[in-house]
Amino acid sequence: MQLIDSHTHLDFPDFDADRPQVLARSRALGVKQMVVLGVYQSNWQRLWDLVQTDSQLYAAFGLHPVYLDDHRPEHVIELGQWLSRLAQHPQMCAVGEIGLDYFLPELDRDGQQQLFEAQLQLAADFQLPALLHVRRSHAQVIATLKRIRLKRGGIIHAFAGSREEAREYIKLGFKLGLGGAATWPQALRLRKVMVDLPLEAIVLETDSPDMAPAMYPNQRNSPEHLPDICQALAEVMGVSPERLAEATTANACEVFGWTH
2 MQLIDSHTHL DFPDFDADRP QVLARSRALG VKQMVVLGVY QSNWQRLWDL VQTDSQLYAA
62 FGLHPVYLDD HRPEHVIELG QWLSRLAQHP QMCAVGEIGL DYFLPELDRD GQQQLFEAQL
122 QLAADFQLPA LLHVRRSHAQ VIATLKRIRL KRGGIIHAFA GSREEAREYI KLGFKLGLGG
182 AATWPQALRL RKVMVDLPLE AIVLETDSPD MAPAMYPNQR NSPEHLPDIC QALAEVMGVS
242 PERLAEATTA NACEVFGWTH
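Under this note's numbering, the first residue of the sequence shown carries the number 2, and numbering increases by one thereafter.
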């Protein structure tokens, strides 16, 4: 079974002690390709250095809404410079992690919106997919995506919206990222929605080291957990793990422009 982890933070210090071992174990379990996402300007270089050590790691660069207070206007300019410099590099695959977070009340919504639009515009200019963080902000994100159209769409990370919101994202050319959250029996609403999602609209992810699945509670999440996540989600969706793995791998390749 071949799998792609479409959303990781493998550059985080959580993996400093055993990163090569995590990669080796993940590969042995069939998780070949992994996307590592930038969240603020100061982790882009570390992230790029990491992906340069392994041809099956891929980088996305972005300014995450949760770190709004750390971002500066010049960081958006710098993001454009990174994207320009690496435009033809096969391991630079997307703009992300970007988006809107309405869950944390202290985050200024206007500031988030400006930052989100500026980065979406960069994704449009460089014809890259966007990897989106969306918390309690689906209506606003969908409205924004209708104004700033992305030719290559992207992924709604940790999708937990309604059937209607899923349909809107799919119409806009986006895939829906599913991972650890959906494996928890308490995620009743999400699990009901998942049953109706078309297989061609889904990609798998871990969000390592966060969002551990139900079978590894209170542990560091890791790409090596993706086969178990795939198994659990396939059960909820009423398909075989092999079919879900095949479909989601093809979908991720489509988003990132990789050969399958």
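Keep in mind the hints are simulated off the structure, nothing from the lab.
Be careful, since some hints might not be right.
Straight-line Cα separation of at most 20 angstroms, SDA-like style, residue types lysine to any residue; simulated pairs [claimed, not checked]:
| hint | residue 1 | residue 2 |
| --- | --- | --- |
| 1 | K152 | K33 |
| 2 | K172 | E255 |
| 3 | K152 | V194 |
| 4 | K33 | Q57 |
| 5 | K152 | E201 |
| 6 | K147 | L173 |
| 7 | K172 | T145 |
| 8 | K172 | L189 |
| 9 | K172 | P228 |
| 10 | K33 | Q53 |
| 11 | K33 | D50 |
| 12 | K33 | P228 |
| 13 | K33 | D229 |
| 14 | K33 | H76 |
| 15 | K172 | P199 |
| 16 | K33 | Y68 |
No experiment lies behind these values; they were computed from the predicted model shown.
These are the hints, each one checked on the structure:
no. : hint          : verdict
1   : K152 <-> K33  : violated (27 angstroms)
2   : K172 <-> E255 : holds (16 angstroms)
3   : K152 <-> V194 : violated (26 angstroms)
4   : K33 <-> Q57   : holds (7 angstroms)
5   : K152 <-> E201 : holds (18 angstroms)
6   : K147 <-> L173 : holds (7 angstroms)
7   : K172 <-> T145 : holds (14 angstroms)
8   : K172 <-> L189 : violated (25 angstroms)
9   : K172 <-> P228 : violated (28 angstroms)
10  : K33 <-> Q53   : holds (15 angstroms)
11  : K33 <-> D50   : holds (19 angstroms)
12  : K33 <-> P228  : holds (11 angstroms)
13  : K33 <-> D229  : holds (15 angstroms)
14  : K33 <-> H76   : violated (32 angstroms)
15  : K172 <-> P199 : holds (12 angstroms)
16  : K33 <-> Y68   : violated (30 angstroms)
The structure is inconsistent with the numbered hints 1, 3, 8, 9, 14, 16, although it conforms to all the rest.
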